[in-house]
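K.L.:
Modelling step: build the complete structure from the supplied sequences, incorporating the hints.
Be aware that the sequence shown starts at 14, since it is given in our numbering, and climbs by one per residue.
Calculated directly from the structure, the hints in this document are not laboratory data. Predicted, not measured: the structure shown is a model, and the values here were computed from it. Be careful, since some hints might not be right.
[What the hints assert, rightly or not] No farther apart than 25 Å at their CA atoms in a straight line, the calculated lysine to aspartate or glutamate pairs in the DMTMM-like style are these:
1) K67 / E56
2) K78 / D22
3) K288 / E298
4) K23 / E55
5) K114 / E320
6) K135 / D207
7) K288 / D207
8) K234 / D223
9) K292 / E115
10) K287 / E115
11) K234 / D168
12) K288 / E320
13) K67 / E55
14) K292 / D207
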Amino acid sequence: MYNPRTFMDKVFLVLKGLFMGAANKVPGVSGGIVAFVGGFYEEFIYSLQKINGKAFKLLFNGRFKSFYQYVNGQFLSLLIFGMLVSYFSVSKLLDYFLERKELFVWAAFFGMILGSIYYISKDFGHWNKRTIPAGVLGLLVGISISFLSPARENDNLIFIFLCGMISVSGMTLPGLSGSFILILLGNYVLLLVDSVNALYDTFAEVFKGDFSFMKNDERLKTLTILAVFTTGSAAGLVTLSHILSYVLKHYKHITTAVIIGFITGSLGVVWPWKKTIFKTDAMGEMFLDSNGKPIIVNYERYFPDFENPETWWALFFVMVGIFVLLGLEWYGEYRKQEK
14 MYNPRTFMDK
24 VFLVLKGLFM
34 GAANKVPGVS
44 GGIVAFVGGF
54 YEEFIYSLQK
64 INGKAFKLLF
74 NGRFKSFYQY
84 VNGQFLSLLI
94 FGMLVSYFSV
104 SKLLDYFLER
114 KELFVWAAFF
124 GMILGSIYYI
134 SKDFGHWNKR
144 TIPAGVLGLL
154 VGISISFLSP
164 ARENDNLIFI
174 FLCGMISVSG
184 MTLPGLSGSF
194 ILILLGNYVL
204 LLVDSVNALY
214 DTFAEVFKGD
224 FSFMKNDERL
234 KTLTILAVFT
244 TGSAAGLVTL
254 SHILSYVLKH
264 YKHITTAVII
274 GFITGSLGVV
284 WPWKKTIFKT
294 DAMGEMFLDS
304 NGKPIIVNYE
314 RYFPDFENPE
324 TWWALFFVMV
334 GIFVLLGLEW
344 YGEYRKQEK
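P.N.:
What follows is the structure in structure tokens.
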């Protein structure tokens, strides 16, 4: 179905996985945007769709090579490898800069989303009486999400499984941030900070030959939560991919219009100039996560102060974000010409 990949194609696919993993970690940014702009969104959805009854039959019958080819295994394995590496490296770097240069990070992502809107819209010449209302609907939903209030943390395993199914939508629906959805559900810190750090610490301890985590009830509970969340995410990916592949096949123009509107509406979520609102008690004391960091619950947006030098640096990073997207577009067009 897809042309053979060169070595550089494989390298770029891992890099795209790195970007997807980092984007999924940041509230307000969608990994699906990376897939859409990177030119592999449809292949991603259709590959996930191949994880079905026939695939499991091939797997259980020991026909591993046939299973690997049927599910487009090379593509999925390289992409997922990049995402996993990102969760323990790029996303750690991203966390570092979000703590120290938050304005510039959000500005870069804002620019990337602006670039993605241009990229998706520039060749879309199908605006009509069906697609225009669809685009407006996507815009309104995207704007509405940014004004929702977060819920409280909930570690019930059934709810954790549902969080996995819902949050993974950020990987399959461009413009819908899975991590921001987790903030709204109240479980962002639990699932994308505490759980990931617990797994990282466990791997580090096991690598040193230390298995003391098996006697640590709190660690085991957190790892269980992560396992259930991962299972829910996998189930959500497969389920959504089947739905989206059908929608893309039968309602491609309407779906694209909704995505354009939704991404445009999501700009409010990643607006760089905002004040962070932390979770506090009745006395105004901030709640801290297991790493001693204040828990973020939402953001209060404001207009930039152009007398502040940082504003101009932020605008520079907006342009950097736009040019990153233009670079991806250039690469995609270059690869098309080569083939």
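K.L.:
Hints first: check each against the structure and report whether it holds.
P.N.:
Each hint, compared with the structure:
| no. | hint | in the structure |
| --- | --- | --- |
| 1 | K67 / E56 | holds, 19 Å |
| 2 | K78 / D22 | holds, 22 Å |
| 3 | K288 / E298 | holds, 17 Å |
| 4 | K23 / E55 | holds, 17 Å |
| 5 | K114 / E320 | holds, 18 Å |
| 6 | K135 / D207 | violated, 41 Å |
| 7 | K288 / D207 | holds, 23 Å |
| 8 | K234 / D223 | holds, 18 Å |
| 9 | K292 / E115 | holds, 18 Å |
| 10 | K287 / E115 | holds, 10 Å |
| 11 | K234 / D168 | holds, 10 Å |
| 12 | K288 / E320 | holds, 18 Å |
| 13 | K67 / E55 | holds, 20 Å |
| 14 | K292 / D207 | holds, 16 Å |
Figure legend: structure checked against the earlier numbered hints; the only hint not met is number 6.
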